[in-house]
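Enquirer: Take a look at the letters that make up each chain.
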Amino acid sequence: MKWRSKDLKQYLQAKEYIDTIMVPLVPFHLSNEQDMEKDSFRNEVLTVFSNEMEKELSGRMMLMPVYNYIKSTDMNVEKDRLNDWVEDIKVQPFKHIFFITFDSKWRKLEQELDGTLIWLPTVQTGDILSKELQSMIREQVKEITEFIRSYW
Amino acid sequence: MSDKKQQVSRRQFLNYTLTGVGGFMAAGLLVSPLRMAIDPVLKESSSGDLVNVGLSVDDITSEPQRVDWTVEQVDGWYESEPSRSAWVFKNDNGDIVALSPICTHLGCVVSWEGSEDYPNQFFCPCHDGRYEKDGTNVPGTPPLAPLPYYEHEVRDGILFLGNPISREGA
Ligand code: FES
Chain L
1 MKWRSKDLKQ
11 YLQAKEYIDT
21 IMVPLVPFHL
31 SNEQDMEKDS
41 FRNEVLTVFS
51 NEMEKELSGR
61 MMLMPVYNYI
71 KSTDMNVEKD
81 RLNDWVEDIK
91 VQPFKHIFFI
101 TFDSKWRKLE
111 QELDGTLIWL
121 PTVQTGDILS
131 KELQSMIREQ
141 VKEITEFIRS
151 YW
Chain F
1 MSDKKQQVSR
11 RQFLNYTLTG
21 VGGFMAAGLL
31 VSPLRMAIDP
41 VLKESSSGDL
51 VNVGLSVDDI
61 TSEPQRVDWT
71 VEQVDGWYES
81 EPSRSAWVFK
91 NDNGDIVALS
101 PICTHLGCVV
111 SWEGSEDYPN
121 QFFCPCHDGR
131 YEKDGTNVPG
141 TPPLAPLPYY
151 EHEVRDGILF
161 LGNPISREGA
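Quick mapping for you: the protein sequence lines, in order, are chains L and F. With the UniProt record's numbering, letter number 103 in the first sequence gets 103, and the count goes up by one each step, no holes. With the UniProt record's numbering, letter number 96 in the second sequence gets 96, and the count goes up by one each step, no holes.
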């Protein structure tokens, strides 16, 4: 499920079944022209990716709104803000929190995050609608699904 | 003096327009379900349309296989969910069966033989829901209804699928 009214209505009636959260972490900027295309493309891929994940596991996992931050930011500040999100989420009986991202900077902070980091290796820029990319995403979705299930 | 007066009236003007737009949008929201019902152009494009899912009938065996395809949606401004999936196989009578993979419990995607412990069944990874091969839910597991099946048609040896049709609980 997603953070939208129709799903939350369902959530409130079936809380005991939905114990997992996924938060996409996406850096944003318009200041570095060299990286603009690459970073925005990753954003597109991650959107498709997290939506597909949500579809596979929608009866047990809720996909949060994207956590955006400025790419050149102080990551320690972001880490604290992100943990604030988790603190709020945990008011509800969620047991498993996953963060999903292409941004390798989070890896250094992994230990301090109040949840499990799923870091996806880089994708080359390309066509989001291409068959290759779609089948790559499907493969990855399968793998990550397995990974998340291992926590259940 | 006149300058000030002008500013006030400009603000008022903006206020009017904004309320106007807001009111218009509210009216739009109220009207649209009705329009949807009567205006065929606005209806979901998928209703009744069968879609080529890119699978030749010769490739359909008694072993369920997953096919994914996309449907074109007219409701462009609202986030549509254009990708669909089905488990397709031939049953004992040789008839083609296309089942929706969406678990009738809370909507996760089920897999054929998704658990080693339950061969010959569809398995839902979320709360261990199970279904027989024909889609009937296994009593004692969370789902209370069978998997929906897709309306289907074969044209020139190619499988076309339409909308999923829900079934009554077992
Ligand atoms: S969503 Fe399939 S068993 Fe709960």
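Simulated from the structure, these hints should not be mistaken for laboratory data. Please note that a few of the clues may not be correct.
Unchecked claim - Going by beta-carbon spacing under 8 Å, a handful of chain L positions derived as facing chain F:
1) Leu57
2) Arg60
3) Ser130
4) Lys131
Every residue, glycine too, gets a C-beta built ideally from N, C-alpha and C.
Enquirer: Hints first: check each against the structure and report whether it holds.
Expert: Results of checking the hints against the structure:
1. Contact between L:Leu57 and chain F, as hinted, is supported at the beta carbon level, the nearest pair being about 5 Å apart and thus within 8 Å.
2. Checking L:Arg60 against chain F: minimum C-beta separation of about 4 Å stays under 8 Å; hint holds.
3. A hinted interface residue such as L:Ser130 counts as satisfied when its beta carbon comes closer than 8 Å to some beta carbon of chain F; here the least separation is about 14 Å, so the hint is violated.
4. For L:Lys131, the interface hint is violated, the least distance from its beta-carbon to any beta-carbon of chain F being 11 Å, above 8 Å.
Against the hints set out earlier in the document, violations occur for numbers 3 and 4.
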